[in-house]
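S.K.: Sequence:
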Amino acid sequence: MQCVDYLAMAAADIDGRLTVDEERDVESHVSSCAHCAAVRQQQRTIKQLVRERAAHVPTPAGVRARVLQALAREGAGSKIRRRWLSRFD
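So that you can map any letter, position 4 of the sequence shown is 4 in our numbering, and since no number is skipped, the others follow by simple counting.
FYI, nobody ran anything at the bench for these hints, they're computed from the structure.
Keep in mind that this is a model prediction, so the values were computed, not measured.
We treat Cβ as the ideally placed atom computed from N, Cα and C, and that holds for glycine.
Treat the hints loosely; a few may be bogus.
[Unchecked claim] Cβ-Cβ distance ranges computed for the label pairs, FRET-style:
1) Leu7 to Arg73: 41 to 47 Å
2) Val4 to Gln48: 24 to 30 Å
3) Glu52 to Leu18: 21 to 27 Å
4) Thr59 to Asp15: 23 to 29 Å
5) Asp15 to Arg64: 24 to 30 Å
6) Asp5 to Thr45: 18 to 24 Å
7) Ala8 to Arg51: 22 to 28 Å
8) Leu68 to Ala8: 37 to 43 Å
With the hints as extra help, turn the sequences into a complete structure.
M.R.: Here it is as structure tokens:
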């Protein structure tokens with residue numbers, strides 16, 4: 001694997017979407033390439049920061065009601081959708 005190969009699949013690596021073979025190739029590459037190892041760590045850090053910060057952003061008032069109204073207009077009243085939406089209560 002070369003740097004260009006790793007950089008093309010870096011997002012999949014960070015998101016855990018690589019196959020077993022791809023994971024093995026990535027691990028082998030980043031263990032011997034300081035640049036790609038740094039890119040990988042930087043992307044992991046960014047992902048973690050986004051997760052931490054996004055958890056603290058409040059949903060604007062009225063958004064849930066507007067979403068439910070829009071779904072009702074589209075006939076989205078299935079039990080599965082209602083169950084899924086109830087998680088936001």
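S.K.: Which earlier hints turn out false for this structure, listed by number in ascending order?
M.R.: Hint check: nothing fails, all pass.
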